[in-house]
Amino acid sequence: MDQMTLKNIKRIPISALEVDMYLSDLNNEWIPDNNLSKKGVIKSEKIIEMIRSLGVTHVYIDITKGKNCAIGRTQDEIDRQSEKEISEVKLSAKQRPKPNVDLKTELAAASQLKSEATEMIHHIMTDVKLGRGVDVLPVKDMADGLLGSMMNNQNALLCMTRLRDKDRYLLEHSFNVSVLMGVLARSVGFEGKKLHNLVTGALLHDIGKVRIDDEVLHKPGSLEPEEWEEMKRHVIYGEEVLRQIPGLAPEIIDICAQHHERLDGSGYPRGLIGEHIPLHSRMASVVDVYDAITADRVYHKGMLPPHALKKMVEWAGDEHLDKAVVYQLIRSLSVYPVGSFVELDNAKLAYVEQVDIEFQDKPRIIVVYDTNLGKIIPPVRINLAAPTNTRKIRRAIAPECFNISLEQFL
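Residue numbers for the sequence shown follow the working numbering, beginning at 89 and rising by one.
Mixed in with the good hints, there may be bad ones.
As the list claims (entries may be wrong) - Here are the simulated DMTMM-like pairs of lysine to aspartate or glutamate, each with C-alpha atoms no more than 25 angstroms apart in a straight line:
#  : residue 1 : residue 2
1  : 254       : 339
2  : 480       : 167
3  : 95        : 328
4  : 463       : 253
5  : 389       : 363
6  : 217       : 253
7  : 254       : 106
8  : 95        : 407
9  : 155       : 165
10 : 192       : 488
11 : 389       : 279
12 : 192       : 406
13 : 389       : 315
14 : 320       : 302
15 : 228       : 204
16 : 217       : 279
17 : 192       : 495
18 : 307       : 384
19 : 297       : 204
20 : 307       : 318
21 : 217       : 303
22 : 281       : 328
23 : 411       : 328
24 : 217       : 165
25 : 282       : 363
Claimed, not checked - The calculated label-pair distances, taken between Cβ atoms and stated as ranges, are:
#  : residue 1 : residue 2 : range
26 : 491       : 140       : 57 to 63 angstroms
27 : 225       : 165       : 23 to 29 angstroms
28 : 361       : 458       : 50 to 56 angstroms
29 : 338       : 362       : 18 to 24 angstroms
Simulated from the structure, these hints should not be mistaken for laboratory data.
For each residue, glycine too, the CB sits at the ideal point set by N, CA and C.
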């Protein structure tokens, strides 16, 4: 969407939405679990009530296609403010640990861990669906393995989170959230048993979804209000399952039960507000949203990482997400996370191999594709922060637009 168009899009509170306003297609980028994917003219109060019943607090309207609103900010203004805030996020040494093992060496172990983790989650969800108990020991062992790989070189597991299969979303999402939680928690300073519990909780955070009817869970269109109410119950179902496990740490249960709570009380299932939501649950909310909105789903295309982080800064400004935690995620991943693709100012494409602490927007990259030639080229490593470097990032890109994938180059 170009800048001129963004100046015509306003973000307004749901309380200001009126008949004859035009819902913009930017609403397709709403937090996926709200699943608001319709656009067009609001024709009745009933439609407004239906949108409100989905838990939506703000919507985007196109003021050139429908009635204007006296309040609200244009998307162009919001984007510029979010970009400014992201550019001002500062790093410290502990927030992105230096690798102990080179990336190529650790990638093999990380790939095996991903395969084992998704298979383990599949077995656990099958057991839950069949009414069996959950054996938590393999989950704790997996958390050990993930943390060990992070200690070696967390970039390897972060690369694994960029390899996606939308038909395996639920399994991969649980793996990805556990990796992101581990990276975020380490950057905050968590260690030992507490760190282990946070990764374990992240692996199990969506376990209740297996009790949701498949037609609702995988519905490609908008959820009806009663379907949305059923979808929201997955956190209750998950909490019920985990509370049956003797001696399970409280934070593991919290992450499952509270990862959809929001600071302003608009979340579910209990509508907790502010500090009533523990830090580990606020962290789970942030990494859950980040992975969800950057993934391709049956009902929406995933955002590129810089766009997702910008959107999350916007939501943090509305007090849906904890701004301090969102900023910490940016510090942990950078604007161009490891494994993401960028286009350079010479029309060549590269993927991010490593991000240096001092240079948020100048990662170490590997150039692999020439858009002028339309083909893969021999890989070339570039440190964009090097004094001798003359190349700059033009934009983030989706590799599938050029019929390439990260997996080809790892």
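Verification of the supplied hints:
{"no.": "1", "hint": "254 / 339", "verdict": "violated, 29 angstroms"}
{"no.": "2", "hint": "480 / 167", "verdict": "holds, 21 angstroms"}
{"no.": "3", "hint": "95 / 328", "verdict": "violated, 47 angstroms"}
{"no.": "4", "hint": "463 / 253", "verdict": "holds, 24 angstroms"}
{"no.": "5", "hint": "389 / 363", "verdict": "violated, 33 angstroms"}
{"no.": "6", "hint": "217 / 253", "verdict": "holds, 23 angstroms"}
{"no.": "7", "hint": "254 / 106", "verdict": "violated, 36 angstroms"}
{"no.": "8", "hint": "95 / 407", "verdict": "holds, 24 angstroms"}
{"no.": "9", "hint": "155 / 165", "verdict": "holds, 20 angstroms"}
{"no.": "10", "hint": "192 / 488", "verdict": "holds, 23 angstroms"}
{"no.": "11", "hint": "389 / 279", "verdict": "violated, 35 angstroms"}
{"no.": "12", "hint": "192 / 406", "verdict": "violated, 41 angstroms"}
{"no.": "13", "hint": "389 / 315", "verdict": "holds, 22 angstroms"}
{"no.": "14", "hint": "320 / 302", "verdict": "holds, 14 angstroms"}
{"no.": "15", "hint": "228 / 204", "verdict": "holds, 13 angstroms"}
{"no.": "16", "hint": "217 / 279", "verdict": "violated, 33 angstroms"}
{"no.": "17", "hint": "192 / 495", "verdict": "holds, 13 angstroms"}
{"no.": "18", "hint": "307 / 384", "verdict": "holds, 14 angstroms"}
{"no.": "19", "hint": "297 / 204", "verdict": "holds, 20 angstroms"}
{"no.": "20", "hint": "307 / 318", "verdict": "holds, 13 angstroms"}
{"no.": "21", "hint": "217 / 303", "verdict": "holds, 15 angstroms"}
{"no.": "22", "hint": "281 / 328", "verdict": "holds, 23 angstroms"}
{"no.": "23", "hint": "411 / 328", "verdict": "violated, 30 angstroms"}
{"no.": "24", "hint": "217 / 165", "verdict": "violated, 47 angstroms"}
{"no.": "25", "hint": "282 / 363", "verdict": "holds, 19 angstroms"}
{"no.": "26", "hint": "491 / 140: 57 to 63 angstroms", "verdict": "violated, 42 angstroms"}
{"no.": "27", "hint": "225 / 165: 23 to 29 angstroms", "verdict": "violated, 52 angstroms"}
{"no.": "28", "hint": "361 / 458: 50 to 56 angstroms", "verdict": "holds, 52 angstroms"}
{"no.": "29", "hint": "338 / 362: 18 to 24 angstroms", "verdict": "holds, 19 angstroms"}
In summary, the numbered hints that this structure violates are 1, 3, 5, 7, 11, 12, 16, 23, 24, 26 and 27.
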